[in-house]
Amino acid sequence: MKQRENENPVIEYLKLLKKHGRLDSKAMIQAIDVLSEPENPELLKEYFEEQSVELADIALNSKPFCVPDETADGPIRFAIADNKQFIGFYPSECHFLIAGQTGTGKSTLLKIIFAQALLLNEKQKRQDNGKDNLLALR
Amino acid sequence: MKNRKGRTMEKIICWLFVKAQDMRSLLKVSRDILVVTFNEIKLNPLEPVPGMKANEWASIFADLWIQAFRLYEGSKGFLIECLNTLYLKHKDLGFYPSLFDLYYYVRALNFPAISRNARYQESVLNRLGGMIYGSLSSVIDCSRGHINNLISTHAVFEILYLTSEQQVFIVNYLLSYLFYYKMIHENNLRHFIGIDDANLIFDRSFELRPDLGLPIIHHLLTTVRKNKINIFACTQTPHQLGASIHSNSFAKIMFSLSNGKDIEFMSQNMGIKDEEQKNYCYKPEPREMTIKFSLRFQEPFLATVPEVNL
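Going down the list, the sequences are from chains X and S. The working numbering numbers the first residue of the first sequence as 1 and each following residue consecutively. The working numbering numbers the first residue of the second sequence as 1001 and each following residue consecutively.
No lab work stands behind these hints, which were simulated from the structure alone. Note that the coordinates shown come from a computational prediction; the quantities given were computed from them, not determined experimentally. One or more of the hints may lead you astray.
Unchecked claim - Heads up, simulated DSSO-like pairs for lysine-lysine below, C-alpha to C-alpha not over 30 Å straight-line: (1) X:Lys-131 <-> S:Lys-1011; (2) X:Lys-15 <-> X:Lys-63; (3) X:Lys-15 <-> S:Lys-1273; (4) X:Lys-123 <-> S:Lys-1182; (5) X:Lys-84 <-> S:Lys-1278; (6) S:Lys-1273 <-> X:Lys-19; (7) S:Lys-1283 <-> X:Lys-63; (8) X:Lys-19 <-> S:Lys-1278; (9) S:Lys-1283 <-> X:Lys-15; (10) S:Lys-1228 <-> X:Lys-123; (11) X:Lys-18 <-> S:Lys-1283; (12) X:Lys-84 <-> S:Lys-1283; (13) X:Lys-19 <-> S:Lys-1261; (14) X:Lys-123 <-> S:Lys-1226; (15) X:Lys-125 <-> S:Lys-1228; (16) S:Lys-1283 <-> X:Lys-131; (17) X:Lys-84 <-> S:Lys-1028; (18) X:Lys-63 <-> S:Lys-1273; (19) S:Lys-1028 <-> X:Lys-123; (20) S:Lys-1261 <-> X:Lys-63; (21) X:Lys-84 <-> S:Lys-1273; (22) S:Lys-1283 <-> X:Lys-19; (23) S:Lys-1273 <-> X:Lys-131; (24) X:Lys-15 <-> S:Lys-1278; (25) X:Lys-125 <-> S:Lys-1283.
Claimed, not checked - These stretches of chain X come out as covered by chain S in the derived footprint (C-beta under 8 Å, 3 or more residues): (26) 53-65; (27) 68-76; (28) 99-112; (29) 116-122.
Glycine included, every Cβ here is placed at the ideal spot set by N, Cα and C.
Start from the sequences and build out the full structure, keeping to the hints where you can.
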């Protein structure tokens, strides 16, 4: 998509932080301070001088993909993102297409998914047994 | 099993179709897994799904057969005719015919040497002969197989010693049976089906030949909400897979690929348009994968397969 010409650089910066999983309340408060005075170029300059280390770090060390948040997780976990976020899915979410050359981890991934599914069955079974025991106590 | 809201919880049944023996390590997680090596199991592909009429199953079987063995429409009609006659003959006997019965029935038919029927007969016999005298002969020599028990059993099907046609046929037969069984009989099972090297089953050439009928896998992928079957298809050459898997996957995962065509194909498929991201797909780190979910967190992202002792 072609970037809009009049996009506010502060908003752009916030989007960048969000993409790389670095958007926190401190960054939001700082951005709001600058955005509340749109006619003050000095404030904008000062703001970006302060953020230059963060920007350089993103440019040098970050991979060009989004960092997933907790919405990418599910009960059947199969991977871990760079930000230590677990990646998983729900049993009702259907069909996986897994592409990769030999030796890259396709079979390991299949094993993990199926092992997790088997463990999920066991977990549900244990929970049910626990509930049954509670009902019996009543 | 019921969840907190009182709804019945689904039990997940795992089926894996693999061309190696390494999936046996799942036995470390659960001992309730059957490893099917196609030596001791019995299957009769002519045994209809319970609740289905024999002539309905005959059409399904004929589709499976001609897709697996690359026959033509004419042979399909011929096969359906033979099957229906055979089912009628066996109706009074109280058991279903086997592939052996079908072979001997077709072989006994007499047609003028220069006729279409003789050609169909030869094509069908040729494939049936390979099947009943090949490595599956001890599997299919029965009238009632173990398939109904398999439906509620975790199983690893090791198809490595079967010919490619037999692999296609067996996988499609098992999946078709499961699909129609679940259509007819409501149960509380969700099936996870893992297919290693899925090119054989999802081959896009099937989609380019509509005269063969749509492969069962297409139905499985498009009517998932009804039948609760999840497919996990692994491939080394994603561009050779049929469109149904590409357009119906919740998750697309790309590990390192060596063929630029495949990388471009997957990048496009996953909606990766950013040049930097595209370039990164050519040099991921070991065990690193690009993931794209379709219903939540829809941006492509990177993750790593953890090292596990399995």
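Which of the listed hints are broken here? Numbers 16, 23 and 25, in rising order.
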